[in-house]
Amino acid sequence: MKRQRGFSLVEVLAALLVLAVVITTTMAMFVERQKRMQAASETILAYQAIANEIEVRRRIPYAELEQADPAFVTDTTILKPLAPFAATVAVAPAQGYVKVVTLSVRWKNRVERVAITRVDTGGSNLW
Amino acid sequence: MVKRAHRSAGFTLMEVVVALAVFGVFLWIVVILTADMRNWEKRMPINYMTHPQISAVVSRLRRDVEDATQPYYLESSNGFNMSEKTLIVYRLMQAGTVETVVWDFSTEGTVTRHSFTSIGGETSKWTANGTPTFRITDFPIPGSPDSVRIQAFDKDGKLAIDQIIQPRTH
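So the sequence lines, in the order shown, correspond to chains A and B.
With my numbering applied, the first sequence covers 1 to 127.
With my numbering applied, the second sequence covers 1 to 170.
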């Protein structure tokens with residue numbers, strides 16, 4: 001009678017190894033995709049907060065830019081999922097009549113920055 | 001010579017334990033990775049900006065408000081009244097004419113944009129479906145009291161869209 005043999009431990013381990021490599025690769029792709037989606041979603045939240053703050057900063061008179069609050073004055077509830085985060089504004093003179101206003105949102109180990117240029121229009125606020 | 005009885009070869013307990021241990025470690029890694037992702041998903045609102053219809057609503061609304069001209073907003077027009085669910089914008093068009101645009105958010109899951117000529121005839125109607133709950137409020141900015149704030153909440157009530165828009169100088 002033909003002898004029925006089972007699989008040896010080495011055979012089973014080899015099969016498991018192949019299976020693990022296939023599933024791990026698939027999972028790695030899945031995780032990488034999730035990470036990128038996460039990064040994109042976080043960036044969108046950060047940019048919404050920055051865009052809102054820009055709307056306020058573009059209306060502050062040119063001469064008063066440095067005296068304005070260095071933290072965001074708009075509501076940052078949209079950034080709640082990124083907590084803990086820091087939302088800051090820095091003003092740096094570029095030339096005699098130009099200032100660069102840089103708005104930053106930092107969270108975890110990431111930072112998103114947008115810089116807008118303000119020009120001294122003599123108080124007309126038209127630019 | 002005595003013939004050896006047929007031995008059915010199975011796994012020993014040790015073999016099964018080793019194989020399961022290897023697979024168990026692997027499963028543990030998978031569970032850790034997915035738990036991390038689920039945690040993140042719970043914290044984050046739905047990313048509506050990846051939904052074409054919803055990003056179209058936000059873009060068109062932004063354009064309408066940025067193009068708004070005096071008196072910017074109307075209390076009522078063509079049977080609509082300004083509210084948290086209705087925005088009535090008086091906007092300047094490229095040809096130099098004006099039109100009244102009504103953004104109607106009053107129907108859950110639907111956003112409708114109506115545009116009317118200055119004498120009241122409806123010139124276009126555009127509807128977006130599958131939308132979240134929108135809310136329109138004013139957001140006075142010093143030097144720009146006519147700014148509006150558009151917010152949208154996902155089905156769990158998490159704030160997903162929050163945009164402040166102010167009319168541009170023409």
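These are computed hints drawn from the structure, not numbers from a lab.
Treat the hints with care, as some may be off.
[Said to hold, decoys possible] With a straight-line Cα cutoff of 25 Å, these simulated SDA-like cross-link-like pairs (lysine to any residue) come out: (1) 158/B with 25/A; (2) 35/A with 50/B; (3) 85/B with 109/B; (4) 35/A with 85/B.
[As the list claims (entries may be wrong)] Stretches of chain A that chain B covers, calculated by requiring three or more beta carbons in the stretch to come under 8 Å of a beta carbon on chain B: (5) 17-28; (6) 46-57; (7) 66-77; (8) 98-107.
Positions of the beta carbon are idealized from the N, C-alpha and C atoms, including for glycine.
- [ ] Could you grab the alpha-carbon distance between residue 35/A and residue 50/B and see if it respects the 25 Å cut-off?
- [x] 16 Å, holds
Open item on the list: So if I understand the rule, the pair passes when the alpha-carbon distance is 25 Å or less; does residue 158/B with residue 25/A pass?
Closed with: 34 Å, violated
Open item on the list: Just to make sure I understand the rule, a stretch counts as covered if three or more of its residues have a C-beta closer than 8 Å to a C-beta of the chain. Does the stretch 66-77 of chain A meet that for chain B?
Closed with: Since three or more residues must qualify, the claim that chain B covers the stretch 66-77 of chain A holds, with 3 doing so at under 8 Å.
Open item on the list: Using C-beta distances, would you say chain B covers the stretch 17-28 of chain A, given that this needs three or more residues below 8 Å?
Closed with: Check passed, 4 qualifying residues.
Open item on the list: Next pair to validate is residue 85/B with residue 109/B; report whether the Cα-Cα distance is within 25 Å.
Closed with: 12 Å, holds
Task: Hint consistency between residue 35/A and residue 85/B [alpha-carbon to alpha-carbon, up to 25 Å] - done: This hinted pair is violated, its Cα atoms lying about 35 Å apart.
Task: Per-stretch coverage check for the stretch 46-57 of chain A, three Cβ contacts closer than 8 Å to chain B - done: holds (count 6)
TODO: Confirm or reject the coverage of the stretch 98-107 of chain A by chain B under the rule of 3 or more residues with a beta carbon closer than 8 Å to the chain's beta carbons.
DONE: violated (count 0)
Hints 1, 4, 8 from the earlier list are contradicted by this structure; the remaining hints agree with it.
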